[in-house]
Amino acid sequence: MITDTSTQQPEITKSEPAKTPSNNTAKDFRHYLVKFQSLIALFLLCAVIGLLSDNFFTVANGWNVMRQISVNICISVGMTLVILTGGIDLSVGSVLAFSGAVTAGLLSAGIELPAFDLFIGFTLLGGIIVGMATGSILGAFNGWTITRFRVPPFVATLAMLTIARGLTMLWTNGFPISGLGEGFVTIGTGWFLGIPVPVWISAVVVVSFMMITTKTKLGRYIYAIGGNENAARLSGINIKKVKIIVYSLAGGLAAVGGLIVTARLNSAQPNAGFSYELDAIAAVVIGGTSLSGGRGTILGTVLGAIIIGVLNNGLVLLDVSPFWQQVVKGIVILLAVIIDKSSSKNQ
Amino acid sequence: MLKVENITKQFSGIVVLDKISIELQAGKVNAIIGENGAGKSTLMRILSGVYTDYEGQIFFQNEPVRFSSTKDAQSKGIAIIHQELNLIPYLSITENIFLGRELTNRWGGLQAKEMRSRTQELLNRLKLYVSPDTQVYKLKVGQQQVVEIAKALLFESEVIIMDEPTSAISDHEVEVLFDIINDLKKANKAIVYISHKLDELFEIADRYIVLRDGKHIESGDMPDIDHDRLIQKMVGRNIQVAKKEAGPGNEEKLLSVHDLCLKHPTKKNELFLKNISFSLGKGEILGVFGLMGAGRTELLETLFGLNAKSCTGSIEVNHQVVILTSPDDAIKAGLALVPEDRKNDGLILGLDVRTNISLTCLKNMERAGLLQEGLETSLAQKYIKELNIKTSSDKQLAKNLSGGNQQKIVLSKWLATKPSILLLDEPTRGIDINAKNEIYKLILQLASAGMGILMVSSELPEIMAVSDRILVMAEGRLTAELANHELSEDKILKAAIPKTI
Numbered sequence: 000m001i002t003d004t005s006t007q008q009p010e011i012t013k014s015e016p017a018k019t020p021s022n023n024t025a026k027d028f029r030h031y032l033v034k035f036q037s038l039i040a041l042f043l044l045c046a047v048i049g050l051l052s053d054n055f056f057t058v059a060n061g062w063n064v065m066r067q068i069s070v071n072i073c074i075s076v077g078m079t080l081v082i083l084t085g086g087i088d089l090s091v092g093s094v095l096a097f098s099g100a101v102t103a104g105l106l107s108a109g110i111e112l113p114a115f116d117l118f119i120g121f122t123l124l125g126g127i128i129v130g131m132a133t134g135s136i137l138g139a140f141n142g143w144t145i146t147r148f149r150v151p152p153f154v155a156t157l158a159m160l161t162i163a164r165g166l167t168m169l170w171t172n173g174f175p176i177s178g179l180g181e182g183f184v185t186i187g188t189g190w191f192l193g194i195p196v197p198v199w200i201s202a203v204v205v206v207s208f209m210m211i212t213t214k215t216k217l218g219r220y221i222y223a224i225g226g227n228e229n230a231a232r233l234s235g236i237n238i239k240k241v242k243i244i245v246y247s248l249a250g251g252l253a254a255v256g257g258l259i260v261t262a263r264l265n266s267a268q269p270n271a272g273f274s275y276e277l278d279a280i281a282a283v284v285i286g287g288t289s290l291s292g293g294r295g296t297i298l299g300t301v302l303g304a305i306i307i308g309v310l311n312n313g314l315v316l317l318d319v320s321p322f323w324q325q326v327v328k329g330i331v332i333l334l335a336v337i338i339d340k341s342s343s344k345n346q
Numbered sequence: 000m001l002k003v004e005n006i007t008k009q010f011s012g013i014v015v016l017d018k019i020s021i022e023l024q025a026g027k028v029n030a031i032i033g034e035n036g037a038g039k040s041t042l043m044r045i046l047s048g049v050y051t052d053y054e055g056q057i058f059f060q061n062e063p064v065r066f067s068s069t070k071d072a073q074s075k076g077i078a079i080i081h082q083e084l085n086l087i088p089y090l091s092i093t094e095n096i097f098l099g100r101e102l103t104n105r106w107g108g109l110q111a112k113e114m115r116s117r118t119q120e121l122l123n124r125l126k127l128y129v130s131p132d133t134q135v136y137k138l139k140v141g142q143q144q145v146v147e148i149a150k151a152l153l154f155e156s157e158v159i160i161m162d163e164p165t166s167a168i169s170d171h172e173v174e175v176l177f178d179i180i181n182d183l184k185k186a187n188k189a190i191v192y193i194s195h196k197l198d199e200l201f202e203i204a205d206r207y208i209v210l211r212d213g214k215h216i217e218s219g220d221m222p223d224i225d226h227d228r229l230i231q232k233m234v235g236r237n238i239q240v241a242k243k244e245a246g247p248g249n250e251e252k253l254l255s256v257h258d259l260c261l262k263h264p265t266k267k268n269e270l271f272l273k274n275i276s277f278s279l280g281k282g283e284i285l286g287v288f289g290l291m292g293a294g295r296t297e298l299l300e301t302l303f304g305l306n307a308k309s310c311t312g313s314i315e316v317n318h319q320v321v322i323l324t325s326p327d328d329a330i331k332a333g334l335a336l337v338p339e340d341r342k343n344d345g346l347i348l349g350l351d352v353r354t355n356i357s358l359t360c361l362k363n364m365e366r367a368g369l370l371q372e373g374l375e376t377s378l379a380q381k382y383i384k385e386l387n388i389k390t391s392s393d394k395q396l397a398k399n400l401s402g403g404n405q406q407k408i409v410l411s412k413w414l415a416t417k418p419s420i421l422l423l424d425e426p427t428r429g430i431d432i433n434a435k436n437e438i439y440k441l442i443l444q445l446a447s448a449g450m451g452i453l454m455v456s457s458e459l460p461e462i463m464a465v466s467d468r469i470l471v472m473a474e475g476r477l478t479a480e481l482a483n484h485e486l487s488e489d490k491i492l493k494a495a496i497p498k499t500i
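Line order of the protein sequences matches chains V and R. Just so you know, we're using numbering that gives the first Met the number 0 here: the first sequence kicks off at 0 and counts up by one. Just so you know, we're using numbering that gives the first Met the number 0 here: the second sequence kicks off at 0 and counts up by one.
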């Protein structure tokens, strides 16, 4: 712990001393140090992989990594919001698959309503909007069961994990939906101003949610609820509303991920997004967000997602067997949390 | 049997027990009497090994002892039965009684038969005729208490401390309990009995020990003292806070409550708050006094829209009937609640001072949908200055401040909503005397500026000094309404002590 004794200490009543005689500079410094933790880890990781593999530090590989992590970043940002409120969302992988499949189905075949002798075709934008709405609605449903019936988030979203996967199978009949058109594929594989489109999308997501968490009432309420739900309720915050919004956002962001995945493959796979929730949770946790809620940042999560992405990419480049890759990833998650715990204990 | 000499205990600088010396006798029921905050619980926690950090000495059977943990105290023969029972609902009576000290055979397997039969013996001795295999949650509260006593007997405890044992049980169960206590007396155990119900003490206790403000006032034999003198011993002290001058005539009513009832959270068909009616005038400070469990906190919470579904009655704010279904409604109606437990309900300890203060009025901190740090800072700075909050900066985390300063943050966040009615629940609990005085001053200032203040407190001198009028509650009912000029500690306490045994 760093304490700067030269600066002024807070005045406190003699009989009741404050617990930590800390001050702004020391606090900020520690704050940065905690942030740097993940950054330092990332640099070390890059250095090691770069030394071992010639292909790592190439432009092509750089964009490749960025494109790969863009999906996880979208999901992880939503997951961060949920975890900040003290919840968890296990359904994001399935929600991603279903929303992607919905968009793909609408784009490739539209909807036929034989009873009304009606066929509805979808424009690119229409398909995307309906897909994202699907994700948000499933998310809202999570939020509703959690707040209305007090189902623990773990259970509610576990149920949704199965439900959404089942819906995906029903919608696709278990077969991939392909042939989605040039325009749509651009979302996954295109470039804009020299940067891949998925990277643009995740950047927009990250920046807007950094704004939301730090600069809006909603963001403040999310931290307040995670920090102390009782106090938040007594402060007049509508807990139910905030939670439903948060789970809807998580669903909507999963749908964004679904669009990218589907577009990249030019096909919606029924088993898309399988176990993506685990990578998202890992990114959030590595990024220093507390699983009990109230503490964490979007930026931390982004770093977490990058660390996982670089690790995945590096292990592939180094020709590590996929079985070992999983072991290594697990160990990294454990290490990240252990380091974070011990450094926050010192605060 | 158990002697305590010169015990002193401080919590972050505040003396809660001041050189207490008492003796608890074997074969007797020793009643410990005192108001809320007199130090009873702290003393019991020291005797039962919960607090291990204190000055002074304890002698048990003439040997000096110092318990290192509750387990240590138990194994030496001191058992405590808490007001909230420590049983595991879905385990059987046997499993609960032997929890942590299971009998095992040489391979580590449980000796179920042996434990069951020993439990059966204990239950017979205590005249609780249920199967030892019964899961505890199926028992009534009184029966659960008997299980706790059985646990104490299994430990061969010589001293059994009972903290408010009758607060949650029926009259019949009280009789059963008293029979058991009498049997334990015959077995030469020392019983320590804590209760607010004085009538009950006259029935069961042999000796009394009065504590007040962390000091030992007097001990003696129960037959040598009467009801009124006991109350006098409990309260007799000088009031330090300057008395408030009688307020204005309160012609303008801010808040009127008619026939407010609240359903009991656990007991069906019973009311927790019973037909409460009162009014609060502009600039008035209305004190609400009651012993623990009288329903004071529940009254404030109900007024603040927290029990919307289980309450009936009407609430008028500024002569308009309001229906408050959430704290948000209450805030909009001009109410603010400073809760009793600032750490769990008042503050978000992991966030900074500024964020805590602005939380109730973020609407006013926005420009074009974005929060303005500058507005928040100036709001926080304003209250840090006005309320003299001692913090290194408005970005200091709330958890790093002292209790008094934390309480000032809670006050700030509510004053920031510009309420017309302020509900205060134990606003000075656990804070030092300087901060207390500052808060009293603030309350008086706010009232003279026209705010209506409803203040719950269990500290008599405080409530008598600050209030214009006092409502006394007992068992969910208003039992007295006393105006400033007719206040006396006797009157208040008499109305506050429950009449039913």
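Keep in mind that a hint or two might mislead.
Said to hold, decoys possible - Taking lysine-lysine pairs in the DSS-like style, the calculated list, with each CA pair at most 30 Å apart, reads:
1) V/Lys239 - R/Lys398
2) V/Lys239 - R/Lys342
3) R/Lys70 - R/Lys342
4) V/Lys240 - R/Lys417
5) V/Lys214 - R/Lys331
6) R/Lys389 - V/Lys214
7) R/Lys417 - V/Lys239
8) V/Lys216 - R/Lys389
9) R/Lys394 - V/Lys340
10) R/Lys394 - V/Lys240
Just so you know, these hints were derived from the structure itself, not from any lab.
Each hint tested on the structure:
1. V/Lys239 - R/Lys398: Judged against 30 Å, a Cα distance of about 26 Å means the pair holds.
2. V/Lys239 - R/Lys342: Measuring from Cα to Cα gives roughly 22 Å; hence the hint holds.
3. R/Lys70 - R/Lys342: holds (29 Å)
4. V/Lys240 - R/Lys417: holds (25 Å)
5. V/Lys214 - R/Lys331: holds (24 Å)
6. R/Lys389 - V/Lys214: holds (27 Å)
7. R/Lys417 - V/Lys239: Distance of about 25 Å is within 30 Å: holds.
8. V/Lys216 - R/Lys389: Given that 30 Å is the threshold and the Cα spacing comes to 27 Å, the pair holds.
9. R/Lys394 - V/Lys340: Holds, at roughly 22 Å.
10. R/Lys394 - V/Lys240: Roughly 28 Å between the alpha carbons, so the hint for R/Lys394 and V/Lys240 holds.
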